[in-house]
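The primary structure of each chain is shown beneath.
Protein chains: 2
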Amino acid sequence: MANHVSFRLIRGGLAARLGDLSTPHGTVATPAFMPVGTQAAMKGVHWPDVRASGAEIVLANTYHLMLRPGAESIAALGGLHRFMHWDLPILTDSGGFQVMSLSALRQVEETGVTFRSHVDGAIVALTPERAIEIQHMLGSDIAMQLDECLKLPAADAEIERAMQLSLRWAVRCKRAWDGLAPRGALFGIVQGGDDARLRQASAQGLVDIGFDGYAVGGLAVGEPQAVMLATLAETTPALPAEQPRYLMGVGTPDDILGAVARGIDMFDCVLPTRNGRHGLAYTRFGAINLRNARHAHDPRPLDAQSACPAAREYSRAYLHHLVKVGEMTGGMLLSMINLHYYQDLMRGMRAAIAGDQFAEFCAAVRLGWSRGDIEECAG
Amino acid sequence: MANHVSFRLIRGGLAARLGDLSTPHGTVATPAFMPVGTQAAMKGVHWPDVRASGAEIVLANTYHLMLRPGAESIAALGGLHRFMHWDLPILTDSGGFQVMSLSALRQVEETGVTFRSHVDGAIVALTPERAIEIQHMLGSDIAMQLDECLKLPAADAEIERAMQLSLRWAVRCKRAWDGLAPRGALFGIVQGGDDARLRQASAQGLVDIGFDGYAVGGLAVGEPQAVMLATLAETTPALPAEQPRYLMGVGTPDDILGAVARGIDMFDCVLPTRNGRHGLAYTRFGAINLRNARHAHDPRPLDAQSACPAAREYSRAYLHHLVKVGEMTGGMLLSMINLHYYQDLMRGMRAAIAGDQFAEFCAAVRLGWSRGDIEECAG
Numbered sequence: 000m001a002n003h004v005s006f007r008l009i010r011g012g013l014a015a016r017l018g019d020l021s022t023p024h025g026t027v028a029t030p031a032f033m034p035v036g037t038q039a040a041m042k043g044v045h046w047p048d049v050r051a052s053g054a055e056i057v058l059a060n061t062y063h064l065m066l067r068p069g070a071e072s073i074a075a076l077g078g079l080h081r082f083m084h085w086d087l088p089i090l091t092d093s094g095g096f097q098v099m100s101l102s103a104l105r106q107v108e109e110t111g112v113t114f115r116s117h118v119d120g121a122i123v124a125l126t127p128e129r130a131i132e133i134q135h136m137l138g139s140d141i142a143m144q145l146d147e148c149l150k151l152p153a154a155d156a157e158i159e160r161a162m163q164l165s166l167r168w169a170v171r172c173k174r175a176w177d178g179l180a181p182r183g184a185l186f187g188i189v190q191g192g193d194d195a196r197l198r199q200a201s202a203q204g205l206v207d208i209g210f211d212g213y214a215v216g217g218l219a220v221g222e223p224q225a226v227m228l229a230t231l232a233e234t235t236p237a238l239p240a241e242q243p244r245y246l247m248g249v250g251t252p253d254d255i256l257g258a259v260a261r262g263i264d265m266f267d268c269v270l271p272t273r274n275g276r277h278g279l280a281y282t283r284f285g286a287i288n289l290r291n292a293r294h295a296h297d298p299r300p301l302d303a304q305s306a307c308p309a310a311r312e313y314s315r316a317y318l319h320h321l322v323k324v325g326e327m328t329g330g331m332l333l334s335m336i337n338l339h340y341y342q343d344l345m346r347g348m349r350a351a352i353a354g355d356q357f358a359e360f361c362a363a364v365r366l367g368w369s370r371g372d373i374e375e376c377a378g
Numbered sequence: 000m001a002n003h004v005s006f007r008l009i010r011g012g013l014a015a016r017l018g019d020l021s022t023p024h025g026t027v028a029t030p031a032f033m034p035v036g037t038q039a040a041m042k043g044v045h046w047p048d049v050r051a052s053g054a055e056i057v058l059a060n061t062y063h064l065m066l067r068p069g070a071e072s073i074a075a076l077g078g079l080h081r082f083m084h085w086d087l088p089i090l091t092d093s094g095g096f097q098v099m100s101l102s103a104l105r106q107v108e109e110t111g112v113t114f115r116s117h118v119d120g121a122i123v124a125l126t127p128e129r130a131i132e133i134q135h136m137l138g139s140d141i142a143m144q145l146d147e148c149l150k151l152p153a154a155d156a157e158i159e160r161a162m163q164l165s166l167r168w169a170v171r172c173k174r175a176w177d178g179l180a181p182r183g184a185l186f187g188i189v190q191g192g193d194d195a196r197l198r199q200a201s202a203q204g205l206v207d208i209g210f211d212g213y214a215v216g217g218l219a220v221g222e223p224q225a226v227m228l229a230t231l232a233e234t235t236p237a238l239p240a241e242q243p244r245y246l247m248g249v250g251t252p253d254d255i256l257g258a259v260a261r262g263i264d265m266f267d268c269v270l271p272t273r274n275g276r277h278g279l280a281y282t283r284f285g286a287i288n289l290r291n292a293r294h295a296h297d298p299r300p301l302d303a304q305s306a307c308p309a310a311r312e313y314s315r316a317y318l319h320h321l322v323k324v325g326e327m328t329g330g331m332l333l334s335m336i337n338l339h340y341y342q343d344l345m346r347g348m349r350a351a352i353a354g355d356q357f358a359e360f361c362a363a364v365r366l367g368w369s370r371g372d373i374e375e376c377a378g
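Chains as they are written, first to last, in numbering that gives the first Met the number 0: chain A, 0 to 378; chain B, 0 to 378.
Treat the hints with caution; some may be incorrect.
[Claimed, not checked] To give a feel for the contact side, a few chain A residues facing chain B, derived at Cβ under 8 Å: (1) A75; (2) M83; (3) H84; (4) E108; (5) P298; (6) R311; (7) E312; (8) Y317; (9) T328; (10) M331.
The set of hints was computed from the structure by calculation and includes no laboratory data. Just so you know, even glycine gets a beta-carbon here, dropped at the ideal spot from N, CA and C.
In isolation and in its complexed conformation, chain A is listed as follows:
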């Protein structure tokens, strides 16, 4: 465990857990949801509003930042916290996932990955050592190892090859990280597709190396939710109970309930902001598509009891209008509303776990979603 990062498990074993993750920039209550500020910006949401939603940690993307403005530029400006004026914890990914999803041309070799930048077409090399160096220059509170992340479905042999390569990269990342005497933490990433045996081997390999926390990568990459949850249930028992577990890139509110039930502590996802920009609101009454004409004359707010002013103060008719005519503030307000809802959900889960009511909480939340239309009509 790095000096300045520690995890305290307050409650729970393999099932829903409650914890505190201390980092150089503050403590994060878990289960935690990390909004995604890919390019050192939260799309459509000002940082003070991200904070006001209850977020205690955000994620930034190494891949994007290494291309623009460059890790060296950010380091010269005092690091990522100062650059984007966010003084709470930041987790950075390693760039591996974006290389897979954004670069048309890429070549994975033992040394690392070479890819063509989606920005200017330049050829860029990313090794495990460079991924760590970049995250260290950014001043990350929690850095991630470089891994190779496949889309599912994939052939068994391919899944195993990528998992084994990721393990070898994990060793190199750990060595590079330790050499920098960082203040933050380094997490390993479990790979292995939907194969329980490979997942467990990956987890064991990472535990043998020894990380500050463990992420589950390579899920929510095309497989059904049931496969993702089953894979999680087979993976988390192989991870040390006393260290934080992070499910990368997940997910919908329902995904998060399911993953917390299977022992996950941390999440990140672009859904609240991306879907907000496309007119979708996440609420206690389920996901509401504001593009729908039925909202055009509806004077009710999205949720009169929300902690988010925008969810209380603006009518559905107004939000519908903004989305319909393409006003920026439509996406801005819905992104803010969604970030609030995600954090409300996490807060609710934490309180429920503390009170040994997690299953009841999930049932009540899901009932609220399923009864959405009734609630709405009665509202």
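Chain A is fixed; fit chain B onto it per the hints.
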């Protein structure tokens, strides 16, 4: 004068004036700048941030709102203030200017204007009576007469025809407005292009009808700034000193200084938000183009002494990055910064007029703009 609107001239005659405009939704200190919320939204800026910038009144566009969501819809939802959750004064234009600038196909006749909607191609008729009815349904604090606004340069005969038509429409608007017993005010609009004789005839015609305030329209439509200011200087003496004067659609900070010096009390313009979205910041040091590569490594804020948190807290390097990579928050922050700067400028002018220092104030402001680069380097 309508019952609920009154103007108190605190200082000034033909040159820079200081006043208070009382409306059903509060009092506006003049000279005042009205940010433009065309479609019942301020592009890229949340309403609480518009308020925080110091804006005491905003403008909304009848043309856009009559098309979407429709005046009847907004009225059914409790009026425009409630619809967009803004409880300070709102001025609505009459739609005439947008018919000219946005509709490819339009036909101006004595009865009114018929145009093809830029949204769905529908044929829409707008008469003086309908323009008033719509603004009344919106619940406007200050409504505008329907006028015909030409682009300059235009032929003399055409300018005179449009001016005379606008005067006849003014009579019909006044009659329609009085019939509705509204709580707000109705302003007439002086037309007449860059012809002093026509401007004065238009002003006299409007004064004979009798309005709560007088706008100068048909400027900033293609003519040089010097022509606009000369026309203003020939127009404002023909308007009653004890009533507010509004220069429509103007302008740059320098335009506003020049127009206040010629006796104008109110302004509206999309420049602070539109140019903000395009990477331009208005500051005490002049207009700064954040796209410029010279900002890429600049750790200084735009203005450490600004009342706007975004202008103080984010580095030029960060704003440059956001603009460069196309993050929404770049335009959002610069729009907010620009709205603050415009309001700062208006506050400065009001204080200067109160202290009989208006000319000195203008000279100092212009010196700051011209010395921008020196100040910036010394900063």
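Against the structure, the hints:
| no. | hint | result |
| --- | --- | --- |
| 1 | A75 | holds, 7 Å |
| 2 | M83 | holds, 6 Å |
| 3 | H84 | holds, 5 Å |
| 4 | E108 | violated, 29 Å |
| 5 | P298 | holds, 6 Å |
| 6 | R311 | violated, 10 Å |
| 7 | E312 | holds, 5 Å |
| 8 | Y317 | holds, 6 Å |
| 9 | T328 | holds, 5 Å |
| 10 | M331 | holds, 7 Å |
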